[in-house]
Amino acid sequence: MSVVAGKELRIVGFLCNWCSYGGADTAGVSRFKQPTDLRIIKVPCSGRVDPLFVVRALLTGADGVLVSGCHPRDCHYTDGNFYARRRLEMLKRLLPFVGIDERRFHYTWVSASEGQKWQQVVTDFTNRIHQLGPLHVKKENEG
Amino acid sequence: MSTEKVKEAIAKILPDVETVICYQQGFDGLHTTPLFIKIPEEINGLIWNPLCVQNLTSYLPSIKKKVGIVVKGCDSRTIVQYLQEGLIDREKIVIIGVPCTGVVSVKKVLREIGHQPVAGVAFDDNGNIVVKTSKGDRTLAIADVCPDKCATCQYPTPIVYDYLAGDPIKSDKPKESVHEDIRQFDEKTLEEKKAYWEKELEKCIRCYACRNACPMCICQDSCIAETREPHWISQKLSLTEKFMFHMIHAVHLAGRCVECGECERVCPMDIPVAKLKKKINTEMKELFNYEPGVDPDGKPPMYTFNVDEVKIKEHKL
Amino acid sequence: MTDIKNPYLPELATVLRVIEETPNIKSFQVAFNDPEKMKGFTFQPGQVGQLSVFGVGESTFVINSPPTRMEYLQFSVMKAGEVTAAIHNLYPGDQVGIRAPLGNWFPYEEMKGRNILFIGGGIGLAPLRTLILFMLDNRSDYKDITIIYGSRTPPDLCYKDELKEWEERSDVNLILTVDNEYPGWSKRTGFVPTVLKEVAPSPDDTVAITCGPPIMIKFVLEGLAQLKFRDEDIITTLEKRMKCGIGLCGRCNIGSKYVCKDGPVFSLAQLKEMPDDV
Amino acid sequence: MPDTGYLPKEKVKDFMRELAKDAVVYAPCLEGDTVIFRPFSEERTLCFDRPANSPPKSVIYPQSEQLFAFEYKKDPEDHQKMSVELKADTNVPGMVIFAARPCDARGFTIYDRVFIDTDTPDPYYKKRRENTLIVTLSCAEPSPGCFCVGVGGGPAHKEGSDAMMTELEGGYFIEPVSEKGKAILNKSMIEDGSPYLQKAQEAQAKAHEAVKNPFETDKLKISQDLFNNDAFWEEAVSKCVSCGACTYLCPTCYCFNITDEQASGKGERIRSWDACMFFHFTLEASTHNPRPTRFQRFKNRVGHKFVYYPEKYDGAIACCGCGRCIRYCPVSVDISEIVSNLTESGQKQQQTAGSAKK
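As you go down the protein sequences, you meet chains A, B, C and D in turn. The numbering of the first sequence is our numbering, which starts it at 1 and goes up by one. The numbering of the second sequence is our numbering, which starts it at 1 and goes up by one. The numbering of the third sequence is our numbering, which starts it at 1 and goes up by one. The numbering of the fourth sequence is our numbering, which starts it at 1 and goes up by one.
It is worth saying that the hints were derived from the structure and are not from the lab. Note that the structure is a prediction, hence the values are computed from the model and not measured. Virtual Cβ for every residue (Gly too), placed ideally from N, Cα, C. It cannot be assumed that every hint is accurate.
Label pairs and their computed distance ranges (CB to CB) [to be verified]:
#: 1; chain 1: B; residue 1: Asp-16; chain 2: D; residue 2: Asp-225; range: 31 to 37 Å
#: 2; chain 1: B; residue 1: Ser-222; chain 2: A; residue 2: Gly-133; range: 36 to 42 Å
#: 3; chain 1: C; residue 1: Ala-200; chain 2: B; residue 2: Arg-90; range: 29 to 35 Å
#: 4; chain 1: C; residue 1: Glu-36; chain 2: D; residue 2: Glu-71; range: 22 to 28 Å
#: 5; chain 1: C; residue 1: Lys-39; chain 2: D; residue 2: Glu-71; range: 25 to 31 Å
#: 6; chain 1: A; residue 1: Gly-133; chain 2: D; residue 2: Gln-262; range: 25 to 31 Å
This is chain A alone, in the form it adopts within the complex (with noise of 0.2 Å):
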């Protein structure tokens, strides 16, 4: 499916090294059947999603952003998913206020192992992107 068929929307995915993306590939090798939409991007640490990432998403071209890590307590590198959890909630109260919804934007914890729950979130992520339509938050004005 494409893009441009209107069928697809555009998602973009932080995922950690460590959990999230195992827990992707988990999903993949057990080939649960997914949506296509997702973009996924390999980040160290669910700590290196500057919620400015999700924000340009959102303004260039994205319909949905989800960042997953590792849950809370597991993070390889002890403590980077607690600071994220706290950016990222501060982001996600923020967009609504500059008339972004935050249902656009969603963050989890999945582990390696969970390829099923992998599976649920991509689907669900992706059937309420999908309800929502596309982003056109983008208005060029150029002057």
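Given the structure of chain A, go ahead and fit chains B, C and D onto it with the hints provided.
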């Protein structure tokens, strides 16, 4: 009036410091501008009145020598925040605190007088500012033309100081009032809020006055709004890029903004940019019961974490 | 309303050859895609060009091949920022843009019949190379040619093949130096300004042309003054951050002079008239 | 045809609609408390009673514009080979700048010397300039910080205008300045201006009286000693926060940046305003910066306007005295005060003040 007390305090500390940062009359009656006092003779140039709005503390991190500074209650929050973040050396700063009952927003005065040229300004004893223009005098209650921050001010007396020029004042403003404007704005629909910001941010000329005047924007010359490596935003004048810049400013101030309002005060295009930062502060208060610039021993919430976050619930899909 | 030439539009060109000069300097030989343009192209030694990698940006470099050898234009690029890093990723066949020639040039006509002293450091030999080769191609027009050139270490010396050639020529006096002792290096060691003092060339009827890092230039100029060179006989070529290349954008100015248009070549006499924000 | 015209106030919008028939008409419009030049449309609120926050410079010299577009293309024969295609478009529609202030119009004449009267004229600026009609509105009274008379201008100075309007009780007196400006007298809303000539001249003279000249003399003489004294600058601009408000709001600042943007093998080269007050402006890839400090950058800004530009262009000052950099400076830096202190008479005053202090 406090003016004499401020002058006295400056005279006292001047021998110990390289310079004292305070205010002098600006290019017209409505504007003040910073004064850097180095020798006693210069103290006479000082003025102290409700037009002394600028948050002078933003000069502190870049000054290496020992300095004195005159601060209002709101300005002192910046110093507290600097101390929390280790950006200044308390030993090298002598703080002259001045209790303050509210300052004047030049923008609001100009709106009231129809943006006429100002011939002169005076203050009466009843809390009014009298503005002289070619069309006559206009008397305005300071309370009606104060910046929004004054209307809900919780800290009329500086939080930290070495000398206090005047008697301490207690706030008579209810604590809940501080974030009321944010709550009200948030009640608008997503579409309304989006339209609001699009209309406001479209005016941005990317002069970065808001950033350079911001005391907590400490990256300054390395700001990612200008670098090509990393290449966050382009030089195109699209709404997207303007919006992105203001999100950068707001997010980098998360849990750090002391709500001095400088960003909004200095905006030449009158964009209400402080609102974005105040919204985050509202959330910081709600999530972590944290208020920037209040407790010198505090820690900005984004610099720390709790293993179990009481207020952050996992989001369901 | 007549259509004027668009000075911002680069001419398309192709990279012909890439030469690794040092670990962080590469030379690029490029030719315009339009053979007519290549044939009709003229420039003067010392003039610069803006080299574009589309999508990354433009940067200014001296055309360091001489106007007497026009099969290609050569630019030598030290990897430092975003654009130079992109240039370093170019391979033969890649497309680039060129806006050239820009700026002024070495007053070689006035140097005729005189002794010439070149003093270069690191990549600073690049702008001198164009004039050296030009003079060697017109060797009889000039008297003695002395070249003092230094770099941090021997691998950091640019144009190694040419250095060898010049060393072997009897009509060129080449003096090489590196900052410190280095395994296998039997020639001089020491900073360029120090070597200049040791060599102590005579200022009689001599023009000195120097280019290198700002700190080297500073001490070379002092050294030349001590050797009693006249300010008019000391010539340097400046580097600045440049964008437009045509004296408009405002960043390469020193006082009222724009390095991109009024320079990059200045005599010390001229520089002394200008403010010191170099 | 009469030499001058008169436009009754109630016909102003009709007149603008008429102009808008074959051009985009930019006029000062009110948005909240802000006055901005916007393309005229019926739903906008016009605001002629004070100078706009930002001058109309972006109409002729946009803050950001495409120099050309490029596209990398694969050779269909040889996929290893890429070619590049460049496309530059300098076409612009007809434009009118309406009710700009005389200083704003005069600003363009300062650009003209740089962008047009050179051996490498700027095609983008030139086309826009040629396609734009500038109708100014003379100032009835100065705004805070105005000092146009100190730099050779005035509230009714006509240099740069194609036509100038002067507000009278019931309408606007119109004086054409250029051939382009004369043509607007043909429009049906314009009446004969000659009965209003005297009143308009009186109004202009009165306005001229009201503007202060901070430099005392008509001919600015900058003291080279002071100008080259770093201590003077450190002292004068220690409060500057080094933002770009002064430059971006300045009708005579024109320094620019050129940057590339690309995505998927396609992109554009953009020219955008830049500010000499920014650290990045002169920062070199080697990390060397010839103007690393705020005072050096400020010196260059004042120098460009009052020393370097006059050196290049026969004494012309690259400042139109609009006062915006003073009015909108976050810390109220006053360029007229600084320049006045730099003059030889200002220097003497400071010396006497200094000796009195001691």
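Which numbered hints fail: Hint 3 is the one this structure does not satisfy, whereas the remaining hints hold.
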